[in-house]
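K.L.:
Generate coordinates for the entire structure from the input sequences, incorporating the hints supplied.
Residue numbers (my numbering), protein chains in the order written: chain A, 1 to 168; chain B, 1 to 168.
Be careful, since some hints might not be right.
The list treats identical chains as one, so a pair stands whether inside a single copy or across any two.
DMTMM-like mimics (lysine to aspartate or glutamate), calculated; alpha carbons at most 20 angstroms apart, straight line [stated by the list, open to error]:
1) K6 / D41
2) K6 / E52
3) K55 / E94
Honestly, the hints are just simulated from the structure, not real lab data.
Protein chains: 2
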Amino acid sequence: MLKLTKRTEYGLIALVHLADQATLAPAGEPVPVVSARAIGDLFPVPRRLLAEALKQLQQDGIVNSTRGAHGGYRLSRAATEISLGEVISSLEGEPSLTSCAGLGAAGSNHSCEVEPVCPIRSPLARLRTGIWTLFEGITLQSLTDRAIDPNALFAGVAEENDGFSATG
Amino acid sequence: MLKLTKRTEYGLIALVHLADQATLAPAGEPVPVVSARAIGDLFPVPRRLLAEALKQLQQDGIVNSTRGAHGGYRLSRAATEISLGEVISSLEGEPSLTSCAGLGAAGSNHSCEVEPVCPIRSPLARLRTGIWTLFEGITLQSLTDRAIDPNALFAGVAEENDGFSATG
DNA sequence: CCAATTGGCACTAATCTAGAGCTAATCGAA
DNA sequence: TTCGATTAGCTCTAGATTAGTGCCAATTGG
Chain A
1 MLKLTKRTEY
11 GLIALVHLAD
21 QATLAPAGEP
31 VPVVSARAIG
41 DLFPVPRRLL
51 AEALKQLQQD
61 GIVNSTRGAH
71 GGYRLSRAAT
81 EISLGEVISS
91 LEGEPSLTSC
101 AGLGAAGSNH
111 SCEVEPVCPI
121 RSPLARLRTG
131 IWTLFEGITL
141 QSLTDRAIDP
151 NALFAGVAEE
161 NDGFSATG
Chain B
1 MLKLTKRTEY
11 GLIALVHLAD
21 QATLAPAGEP
31 VPVVSARAIG
41 DLFPVPRRLL
51 AEALKQLQQD
61 GIVNSTRGAH
71 GGYRLSRAAT
81 EISLGEVISS
91 LEGEPSLTSC
101 AGLGAAGSNH
111 SCEVEPVCPI
121 RSPLARLRTG
131 IWTLFEGITL
141 QSLTDRAIDP
151 NALFAGVAEE
161 NDGFSATG
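P.N.:
Structure representation (C-alpha cells):
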C-alpha cells in the first residue's frame with residue numbers, strides 16, 4: 001500500500017509539536033526539551049511507539065535527546081532545515097516504490113529477474129525520484145503552518161535533485 | 001511502507017506492454033489482444049498474479065478483456081488517456097498516505113481519535129493530494145516512452161486538483 | 001467435443017505492522 | 001547515596017497485508 005506507517009505518523013506529530021515548542025522559545029536560547037511522555041499526554045497516541053519513533057529520529061540526527069530526569073527531545077535544527085523526505089527516510093526507510101529498485105539506479109546489484117526486460121523500471125525510477133523530490137521540498141516548518149498554501153508544498157518539485165544527502 | 005505492491009508492478013508491466021502493442025497496430029483497427037499467458041512468457045512474473053492484476057484493471061475499465069480461445073486483454077483507451085493515478089487507484093486503492101484520512105476530507109466521519117488535535121492531518125492531506133495529482137498527471141504513454149524527460153513527470157503538479165473523476 | 005482463455009473463490013505461507021513487556025543506562029534532585 | 005523520571009535496547013505476540021498457488025466454472029474458437 002502507498003501509505004505511511006503509524007510510526008511515521010507518530011513521529012511527524014511529535015516533530016510538529018517540537019517545532020511548535022521551538023517557535024515559542026526565545027531566539028538564541030536552546031529550544032526546550034519535551035519528553036515522549038508529555039507528547040503522549042497531549043495526543044492520544046501510544047507513548048511507546050512515539051518513543052520508538054523519536055529514538056529513530058535521534059539516531060538519524062533529526063532530533064537531539066537528553067536522558068535522565070527532565071530529559072526529552074528537541075529538534076536538532078531549525079524546522080526550516082528539516083525536510084519531510086529526511087523524516088520519512090528515517091522512519092520507514094527510503095521509499096523504493098518498486099520492489100526491485102534501490103535508489104542507486106546506476107550500480108544496481110540487486111537480484112531483480114525482470115530487470116533486463118522490465119519495461120517499467122526506468123520510468124518508475126524517475127517517478128520515485130519525483131516523489132522523493134516532492135518530499136525533499138517540503139520542510140517541517142511548512143507542515144507546522146496550519147493554513148498552508150497547497151502550491152507551497154510543491155516548491156522544488158520541478159527542480160532536479162542529484163543526491164540524497166539528507167539520508168546518509 | 002511507501003511502496004507499490006507487486007500486483008501494481010505486474011499490472012503496470014502488462015499495461016506498458018499492451019500500450020506497446022497498441023502502438024504497433026495500424027490506426028483505425030482495434031488494438032490487438034494479448035493474453036496473460038503471452039505476457040507471462042515475455043516477462044518472468046507469475047502468470048496468475050498478472051492475470052489477477054489484469055482482471056482488476058478490466059473491472060475498472062482500464063483494459064477490455066476477451067474470453068475464450070484467442071482471448072486476452074487490450075487497452076480500453078489510448079495510452080495517452082490512461083493516467084498512472086487511475087492505474088494505481090485500481091490496483092491498490094486510493095493512496096491514503098495516513099491511516100485516518102480518506103479522500104473525502106470534508107465529511108470526515110471516521111474514527112481517528114487524534115483528529116481534534118492532530119497537527120499533521122491537514123498538511124498531510126494536502127501532501128496526499130499532491131502525490132495524487134502527480135500520479136494523475138502521468139500518462140501510461142509517458143511511462144511507455146523509455147527515455148523520458150524527468151520534468152515531464154511533474155506536469156500538472158502545480159495545478160490544483162478539485163476532483164478525482166478518474167477513480168469512480 | 002476439445003483446447004485455450006478469462007473469471008471467481010478459497011487457501012497457505014511469508015512479510016510487515018502495531019503494540020506491549022522488560023531491563024539497563026543516564027541524569028537531576030532529595 | 002538513594003530514588004524517580006527518562007531515554008535506550010531487546011524480545012515477543014497478535015493482527016493485517018502481501019505474494020503466490022489450486023481448483024473449477026464460464027466462454028469462445030476450431
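K.L.:
Check the structure against each numbered hint from earlier and tell me which ones fail, lowest number first.
P.N.:
Violated: none.
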